[in-house]
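S.K.: One line per chain: the protein sequences are A and B, in this order.
Counting in the numbering used here, the final residue of the first sequence is number 532, and the numbers go up one at a time with none missing.
Counting in the numbering used here, the final residue of the second sequence is number 148, and the numbers go up one at a time with none missing.
It should be emphasised that the hints constitute simulated quantities derived from the structure, not laboratory data.
Hints are not guaranteed to be accurate.
What the hints assert, rightly or not - Far from chain A, some chain B residues (derived; all Cβ distances over 10 Å):
# : residue
1 : Tyr39
2 : Glu83
3 : Arg103
4 : Glu108
5 : Phe128
6 : Ile131
7 : Ile141
To be verified - Derived, one-sided and incomplete: chain B residues facing chain A with beta-carbon distance under 8 Å:
#  : residue
8  : Asn18
9  : Asp20
10 : Ile24
11 : Arg27
12 : Ser100
13 : Lys121
14 : Asn124
Here the structure is a predicted model, which means the values were calculated and not measured.
Idealized CB from N, CA, C, for every residue including glycine.
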Amino acid sequence: MQLARHSAKNIDESVYIRREPKEQVYELELLQTLMDSIPDAIYFKDTTSRFIRINRAHAKRMGLNEPREAIGKTDFDFYPEKFALETYADEQNIVKTGKALIGKIEKIEKPNGQFRWISATKVPIKDKKGNIKGVAGISRDITEYKKTEEEMRIKDNAIESSINAVGFANLKGSITYVNRSFLEMWGYQDKKEILGKPMPSFWKTPENAIKVMQALMKSGGWIGELSALRKDGSTFDAQLSASVITDDHGNPICFMASFVDITEGKKMFKALKEANSMLEWLLQNLKDVNERLQQSNDDLENYTYAVSHDLKAPLRAIRSFSTFLMEDYGNRLDEVGQDYLKRIADASSHMDHLIEDLLLLSRVGRKFMKVEKVNLNQLSSEIEADLKPLIKVHNAEVVFNELPTIFVQRTWMKQILMNLIDNGLKFNKSKTPRVEVLYEERKKDYLFKVRDNGVGIERKYFERIFRLFERLHTEDEYEGTGAGLAICKRIVEHWGGKIWVESTPNKGSTFLFTVPKKGKTNKKKAIENDTE
Amino acid sequence: MTQNRTLPEYPILLVEDNQDDVMITERALTKGSIRKKLYVTRDGEEAMKFMRKEGKYKHFPTPALIILDLKMPKIDGFEVLGEIKSADNSKSIPVIIFTSSERDKDIERAYELGCNSYIVKPVNFEDFIKIVIEIEHYWFIISKMPIG
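Looking at chain B on its own, in the form it has when it is part of the complex (with noise of 0.2 Å):
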């Protein structure tokens, strides 16, 4: 991890029920070059709460990047993003979905309620560190995005 002061730290929502996947997922991002903080919340519930600055969430940063699995306890991936699109203080926010779904409905699903990629998680370690190293790169060096 480089650590560059002049760079400003991008804050990252991981929302993921899986703890394996998590961890994985924590591990890869710290191959990254980029600063960033990881946020994670396990269900779509907390992850609206995190979004609203709820309670314990108040003085929680507004994420630079979203990293949203599908398949979720209670409120399930698509219904956040559903909610993280259509809310003006959110819906620029890019949203990636990370999911072990192939499924083409799933996939067109996520497009409509406005996702800005679609990846399936790889099984092998060395694929997902590739991946999330591509996903770092593209949005926070490639694209401009208002900051907001």
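With the rest of the complex left out, here is chain A (with noise of 0.2 Å):
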């Protein structure tokens, strides 16, 4: 009808709808309805590749706004020629051998560089007498499609060169894919070698596989670790981070995870924590040994005290109770019994000076003296008006040389040396008894010199001499309790300077000792107690 009334000289009349009875043109309405309700392009071609027929999705794509507005054209007036070439060589083939053409991908490119997918399907249209009269085609555009399958190329890629290991697992467990990382970590060479089987198989602990996959049931995700098994049959340290892959509705479809070896990390990481337990331990030892040797210093300190204080109260006894006796009782006596009294007074006094040493020393460590400046000269004459008495029983000299002025508790420098000035004294057959105090400024400390031209002391007993209640004579001799020496080494010692002894025996001894400038007798801290 319409279509008739349009239609070209040249179009081949017979595959033209002609005029028939009414019901054929009530069917001719139906197939248009129909063609012009699918959303795929539909076209009907003569022998010659003529439109005869075509529908409202076919029209839109070529820009027209009626169908009819193609008859008896071609793709060449709607199409790159490219495209209408190859259209036309596909469907003269069609009409040459009757052969259908199925799904053909074909890619529509337009001059401004755009371009559509279309997959076309085009089958020859036949007369009754099986003569071929033409082309049928549908085609559809799959644009869209095509670009949402280059993306998933696109990931399936990046999946499949994955650094990571990244294995798919269907519900069951079985393994539906990995990647070439997951192969290479392992050692397997042919995905077939893989594809398929139970996922838990790979890991050294199946049941703890088979639990992972059940936390992921529960949570839709699980990160962890897990020791995997090799083909090879070897194992290694495996971060796996796995979670469920859902439908739209959310639907569980199948597991998915990626794996990295972490052997050579946790290695690095349990080598520097062993390294830094070791330290740790390193430390906390040379802490242990540093409080235990503080804590022996400090007991033997109050041991000392304490011990001190016990041994006085018996003492006082003794010497109470011999001078009761001596006054009581001393008329009844005779010179033995007396001298025996006597004896035991002198011990007692001994003893207490022992006592007192001890005390003396203990207190070095414990008790807390104030470094001060002091003018060693002041100090020297203060020492010399004291030892005048010693100097003059001797017959001895005492020189002090010009000394400087030091930070130092005061005592305690006093207390060394009137103690080495004393045994310079004492131990001297000299008839000219002489001491000298000289000194000399170095970087770091200062070292004092006392020497005398006593009888001096053999080169074996130059540590012993420095010990504890140590003598090397008799007490008839020379008197003293022999802590002296170890008095001014505890001293020295807790300032952190030395104290040595040089000596030539018959000649005369030199004893030297330092005073470091920094350390136990820090300069700030004595100029604030100085303008105190």
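Hey, can you piece these two chains together into the complex? The hints should help.
M.R.: Shown next, in the form of structure tokens:
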């Protein structure tokens, strides 16, 4: 009807739908309605590839308002030449051979560079006798699908070439996909060796892998470590991040996981941890040793202090009661008896000195004494005055050279110098005993020297004389407790200095000791105290 | 010992666990010139009873001076000192700590508890006498005290 009216003259009349009785018209209308309601492009062409009829979707694709505007025209009128040539060739081939073309993917490139993808299916139209009268075709725009496909392909490639091993498994736990890294990590050559196998069999302890799967189903995700089992039976530590993949409705479809071999990292971490704990252990040990040392030092001092005090009570009794005995019964004792009593008194007096020395020694470490600015020239005058009776008795000479002003505990410095000078005078058989005190200022400390012309000390005793209650002579020969040098040593060492002796027997000795400029005789503190 | 009937007799309480020291103190006190009577308790518990006039101490006098050792069995000197110095009827009685301890901590604590004097026992009896005489001289002659 309408179609016939607008048909071109040279159209093959045989395929043309001619004027027919009413029911035929009705069928034609049905056909057109069907065609127009389908979103794919539908067309009929004659044997020379001219359009006989197209649907609305096709018209729209070609930029036409009405389908009939296409009748008599060819693809050359609407499409780029390259594409039109291809379709023409295809269609002529169908006309010639009668073979249908199914689902051919075609690319339509527009001059502006845009393109669309088409899936085309073309079949020959035959008359009742089987003669080919044209081509019918349906083509679907699959551009969007192609785009998605391309994106999927990129994703696939990304997963496939990922450094992390990636694997998929179905809900039963059978492996459906693994990437190249998975193969390498697990030591396989071909994916076929893996696909379809149960996922738990790729782990050292399959039960654990099953637990992970169960946990996955519950929570939808799982991150952790598992010991993996390689093809050759060896194992490695894998860090895995697994998740359940769901459809749009949230129904689980499959499992997916990525794996990282953390054996090396773990080894390094372990080594680091070990090194660290080793260091900590060493540090702790050092600390412990230090604490123990400090503790035993403190203990010793406290012990010395306590013992000394406890010794004093019985000593007081001995001394007092021998005094009472002398007072009350002295006249009834003969000379021997009185001598015995005197010896008790002397012995207890000596013991008292010993205890006092012990107490003094323990006090060096125990009792805090303020560092002060001490002019040693003034101190030496004081010492000289204190020692005057002794100097007189020995007919001796004590020479103090010019001395510095230093920061030190005055009492202690005096104690050292007194002890050393006293020793120099005491252990001296010279007719003119002489003790000289001099010093040297050095970079980090002061070096003091106390030189005498006394009896001297044999080299083998150089160390021993500094020990507590160590004596080289009998008490008849020289008085004293034998604690003096030990006390000096204790004080000097408390300062962080050193004390030693240089000596030649029968010629004399020089006692040397250092007082650090910094250390326990801290300068700043001393100045603060000095200005108080 | 001078006996002077016009002067009062000062009761002194010595709290000392060491028998030797008790004897030494007693003897040293006889050297002094002041009339006094020495009462001795051998531990802190007895001292507390004495102060509270409990039991056998019912008719004993309130001491004018207390000489207190620190290291004692049962109740030690610190506790006794604390009790004496916190009770209204005894806090004004002078308490002299007489001990072997030279520890700073002990000295500090004793003064914190309110001792009137802290003296380290000398080893030498001569020194002992000197100190005891000083004590009586100071507390009975120089110092003025409330008479309770």
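S.K.: Against the structure, test the hints numbered earlier, and report the numbers of the ones violated in rising order.
M.R.: 3 and 5
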